[in-house]
Amino acid sequence: MAGSNKINSSPPRWLLAELTYACPLQCPYCSNPIDYAKYQAELDTEDWKRVLTQARKMGAVQLGFSGGEPLTRKDLTELVKHARDLGYYSNLITSGYGLTEEKIIQLKEAGLDHIQISIQASTQELNDHIAGTTSFQLKKEVAHLVKKHGYPMVLCVVIHSENIHQMPEILAMAEELGADYLELANTQYYGWAHANRDLLLPTKAQFEQAEQIAQAFKEKVAGKMKIYYVVPDFYENRPKACMNGWGTTFLTIAPDGVALPCHSARELPGLDCPNVKDYSIEEIWKESKAFNFFRGFEWMKEPCRSCDEKEKDFGGCRCQAYLLTGDMYNADPVCSKSPDHAVIQQAIDSAAKNTVSVDAKPLIFRNSKNSRLFS
Amino acid sequence: MAINPELPIQFSRTHRLQWEEAQQKDVILYPEGMVELNQSSAEILKLCDGTRNLAQIVSELELKFATSGLINDITAFLEVALKNGWIQQN
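Sequence lines, in order, name chains A and B. With positions in the first sequence counted from 1, the corresponding number in my numbering is that position plus 24. With positions in the second sequence counted from 1, the corresponding number in my numbering is that position plus 220.
So here's chain A without its partners, still in its complex pose (with noise of 0.2 Å):
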């Protein structure tokens, strides 16, 4: 394999196995590629054991069984059953539409750790206008039911401008639902949400109501509730360390085996990257093109290049320098001192100009259809 600018790898903590891009939302925010339906070619059981084996050999730990909806692959439990005999953490990533108690019981006993439930709003209305199905009480119910069970419980929300305003709500259902922990993600513009922009980013006021009252809450329940908070870059002067530094701890394979370095690099040009149908982990995560793509610090450009943050922010994310600058290896333009930085401020100026306009575009949901017009 390629490998031209190889350097000494930390190995993989996290694994994302992203088993299928089937599922029955159309969440007009996801993080799959706005093209996925062209990848119709989903691993086999036997892949991904090989996959789960190799990564957990080199060190790898915490494992998220995401999409997609995880649920629809028949293997699930399989493959549960085999990262348990791995010793992974395993992580099932749902939005529970179709978890039923007795397959939590059977998830259970073969040895998953932790179930992630996405709730998209605080009313059964918005919940199931934003997830296109109808799917609020039963998400709700599914809740109880992995508390019951014993498994930690996380609720995550994803947070834009059509259910901002409901964060009291949001707060006082994830302690109603007895959450352990409470992911509020502000959405992060990639895939299906790059889209959507202008009719998912809010004003900087809205974050910051929306911030200060998820902060009061937290010290409220300190000690009860964990909260994880996904800050809204778009609202930042310095970028995100987005992956920890690329090809230093994640690594994610998609439904059809491709291995990326983060979920949304399959959307960057010449990368080439490798499938776990030809190559090992070892391979993919130490000689690929791709993974070694940027790492360290010679790749960039300025005004990273010489920045004395540099090693703390990697430069930001690539995926975002590429969609709103057009090249890769510039500086996140979330930066202030990229040349760029403009961009943010006019992405937020065209979102507010599209809430008040008459003519308001509407949604793009995820789902196939929709899909196979970007493919």
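Derived from the structure by calculation, the hints contain no laboratory data. Do not rely on the hints blindly, as some may be mistaken.
Quick list of in silico lysine-lysine cross-link-like pairs, DSS-like style, CA-CA up to 25 Å [what the hints assert, rightly or not]:
hint: 1; chain 1: A; residue 1: Lys73; chain 2: A; residue 2: Lys301
hint: 2; chain 1: B; residue 1: Lys303; chain 2: A; residue 2: Lys171
hint: 3; chain 1: A; residue 1: Lys264; chain 2: A; residue 2: Lys242
hint: 4; chain 1: A; residue 1: Lys336; chain 2: A; residue 2: Lys325
hint: 5; chain 1: A; residue 1: Lys242; chain 2: B; residue 2: Lys303
hint: 6; chain 1: A; residue 1: Lys98; chain 2: A; residue 2: Lys62
hint: 7; chain 1: A; residue 1: Lys336; chain 2: A; residue 2: Lys310
hint: 8; chain 1: A; residue 1: Lys132; chain 2: A; residue 2: Lys164
hint: 9; chain 1: A; residue 1: Lys248; chain 2: A; residue 2: Lys172
hint: 10; chain 1: B; residue 1: Lys266; chain 2: A; residue 2: Lys248
hint: 11; chain 1: A; residue 1: Lys310; chain 2: A; residue 2: Lys334
hint: 12; chain 1: A; residue 1: Lys361; chain 2: A; residue 2: Lys334
hint: 13; chain 1: A; residue 1: Lys127; chain 2: A; residue 2: Lys105
hint: 14; chain 1: A; residue 1: Lys172; chain 2: B; residue 2: Lys303
hint: 15; chain 1: A; residue 1: Lys250; chain 2: B; residue 2: Lys303
hint: 16; chain 1: A; residue 1: Lys73; chain 2: A; residue 2: Lys310
hint: 17; chain 1: A; residue 1: Lys301; chain 2: A; residue 2: Lys105
hint: 18; chain 1: A; residue 1: Lys81; chain 2: A; residue 2: Lys313
hint: 19; chain 1: A; residue 1: Lys250; chain 2: A; residue 2: Lys132
hint: 20; chain 1: B; residue 1: Lys303; chain 2: A; residue 2: Lys244
hint: 21; chain 1: A; residue 1: Lys132; chain 2: B; residue 2: Lys266
hint: 22; chain 1: A; residue 1: Lys73; chain 2: A; residue 2: Lys164
hint: 23; chain 1: A; residue 1: Lys250; chain 2: A; residue 2: Lys264
hint: 24; chain 1: A; residue 1: Lys105; chain 2: A; residue 2: Lys132
hint: 25; chain 1: A; residue 1: Lys127; chain 2: A; residue 2: Lys73
hint: 26; chain 1: A; residue 1: Lys171; chain 2: A; residue 2: Lys98
hint: 27; chain 1: A; residue 1: Lys132; chain 2: A; residue 2: Lys171
hint: 28; chain 1: A; residue 1: Lys171; chain 2: A; residue 2: Lys248
hint: 29; chain 1: B; residue 1: Lys245; chain 2: A; residue 2: Lys105
hint: 30; chain 1: A; residue 1: Lys248; chain 2: B; residue 2: Lys303
hint: 31; chain 1: B; residue 1: Lys245; chain 2: A; residue 2: Lys310
hint: 32; chain 1: A; residue 1: Lys325; chain 2: A; residue 2: Lys310
hint: 33; chain 1: B; residue 1: Lys245; chain 2: A; residue 2: Lys81
Please read these numbers as outputs of a predicted model, since none were measured by experiment.
With chain A's structure known, arrange chain B on it following the hints.
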């Protein structure tokens, strides 16, 4: 939060303590997270099995490492562990 000296201490049912061969370390695993432990922290947590109270943990470790005067260090660590939800008492 303080440790109740009377009650036994139990490692959390919603966290997992395990040895990581690749890191040559004991770690605590929880939803989407991991804490790496040094050897003394790991030794303390391994005794939190719901059968021993604070004094029993201290005397067992003092015996194991042929030393004395560990009570303050162990208490301080267990208070951190309780605050982080790694252990429980009930």
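Going through the hints against the structure:
For the proposed pair lysine 73 (chain A) and lysine 301 (chain A), the alpha carbon gap of about 12 Å is at most 25 Å, so the pair holds. Among the hinted pairs, lysine 303 (chain B) with lysine 171 (chain A) is consistent with the structure: their alpha-carbon atoms are about 21 Å apart, no more than 25 Å. Between the alpha carbons of lysine 264 (chain A) and lysine 242 (chain A) the distance comes to roughly 22 Å, so the proposed pair stays at or under 25 Å and holds. With a C-alpha separation of about 16 Å, the suggested pair lysine 336 (chain A) and lysine 325 (chain A) falls inside the 25 Å cut-off, and the hint holds.
With a C-alpha separation of about 14 Å, the suggested pairing of lysine 242 (chain A) with lysine 303 (chain B) holds against the 25 Å cut-off. Pair hint lysine 98 (chain A) plus lysine 62 (chain A) holds up; C-alpha atoms about 22 Å apart against a cutoff of 25 Å. Of the pairs offered as hints, the one joining lysine 336 (chain A) and lysine 310 (chain A) holds, with about 23 Å between alpha carbons and a cut-off of 25 Å not exceeded. Pair hint lysine 132 (chain A) plus lysine 164 (chain A) holds up; C-alpha atoms about 19 Å apart against a cutoff of 25 Å.
With a CA separation close to 17 Å, the supplied pair lysine 248 (chain A) and lysine 172 (chain A) stays within the 25 Å bound. Between lysine 266 (chain B) and lysine 248 (chain A), the direct Cα distance comes to roughly 23 Å. Compliance with the 25 Å bound is thereby established for this hinted pair. Between lysine 310 (chain A) and lysine 334 (chain A) the alpha-carbon distance is near 22 Å, which keeps this suggested pair within the 25 Å criterion. Simply put, lysine 361 (chain A) and lysine 334 (chain A) have alpha-carbon atoms about 12 Å apart, close enough for the 25 Å limit, and the pair holds.
For the hint pairing lysine 127 (chain A) with lysine 105 (chain A), the CA-to-CA distance comes to about 13 Å; that is within 25 Å, so the pair holds. Between lysine 172 (chain A) and lysine 303 (chain B) the CA atoms are separated by roughly 23 Å; this keeps the pair inside 25 Å, and the hint holds. A C-alpha spacing of about 11 Å is found between lysine 250 (chain A) and lysine 303 (chain B), which places the hinted pair at or below 25 Å, so the restraint holds. With a C-alpha separation of about 20 Å, the suggested pair lysine 73 (chain A) and lysine 310 (chain A) falls inside the 25 Å cut-off, and the hint holds.
Straight-line distance between C-alpha atoms of lysine 301 (chain A) and lysine 105 (chain A) comes to about 22 Å, which keeps the hinted pair within the 25 Å bound. This hinted pair checks out: lysine 81 (chain A) and lysine 313 (chain A) have alpha carbons roughly 22 Å apart, not beyond 25 Å. With a C-alpha separation of about 22 Å, the suggested pair lysine 250 (chain A) and lysine 132 (chain A) falls inside the 25 Å cut-off, and the hint holds. Taking the CA atoms of lysine 303 (chain B) and lysine 244 (chain A), the gap is about 14 Å. The hint holds against a cut of 25 Å.
Among the hinted pairs, lysine 132 (chain A) with lysine 266 (chain B) is consistent with the structure: their alpha-carbon atoms are about 23 Å apart, no more than 25 Å. Between lysine 73 (chain A) and lysine 164 (chain A) the alpha-carbon distance is near 32 Å, which puts this suggested pair outside the 25 Å criterion. Between the alpha carbons of lysine 250 (chain A) and lysine 264 (chain A) the distance comes to roughly 21 Å, so the proposed pair stays at or under 25 Å and holds. For the given pair, lysine 105 (chain A) sits about 9 Å from lysine 132 (chain A) by alpha-carbon distance, which is consistent with the 25 Å threshold.
Only pairs whose Cα atoms come within 25 Å are accepted, and lysine 127 (chain A) paired with lysine 73 (chain A) is accepted, the gap being roughly 20 Å. Under the criterion of a C-alpha separation no larger than 25 Å, the hint pairing lysine 171 (chain A) with lysine 98 (chain A) is consistent with the structure, at around 24 Å. Between lysine 132 (chain A) and lysine 171 (chain A) the CA atoms are separated by roughly 12 Å; this keeps the pair inside 25 Å, and the hint holds. Of the supplied pair hints, the one linking lysine 171 (chain A) and lysine 248 (chain A) holds, its CA atoms being roughly 14 Å apart against a limit of 25 Å.
Among the hinted pairs, lysine 245 (chain B) with lysine 105 (chain A) is consistent with the structure: their alpha-carbon atoms are about 24 Å apart, no more than 25 Å. About 10 Å separates the Cα atoms of lysine 248 (chain A) and lysine 303 (chain B), which keeps this hinted pair within 25 Å; it holds. For the proposed pair lysine 245 (chain B) and lysine 310 (chain A), the alpha carbon gap of about 23 Å is at most 25 Å, so the pair holds. With a C-alpha separation of about 24 Å, the suggested pair lysine 325 (chain A) and lysine 310 (chain A) falls inside the 25 Å cut-off, and the hint holds.
Distance hint between lysine 245 (chain B) and lysine 81 (chain A) is fulfilled; the C-alpha atoms sit about 15 Å from each other, no more than 25 Å.
This entry does not satisfy hint 22, going by the numbered hints stated previously; all others are met.
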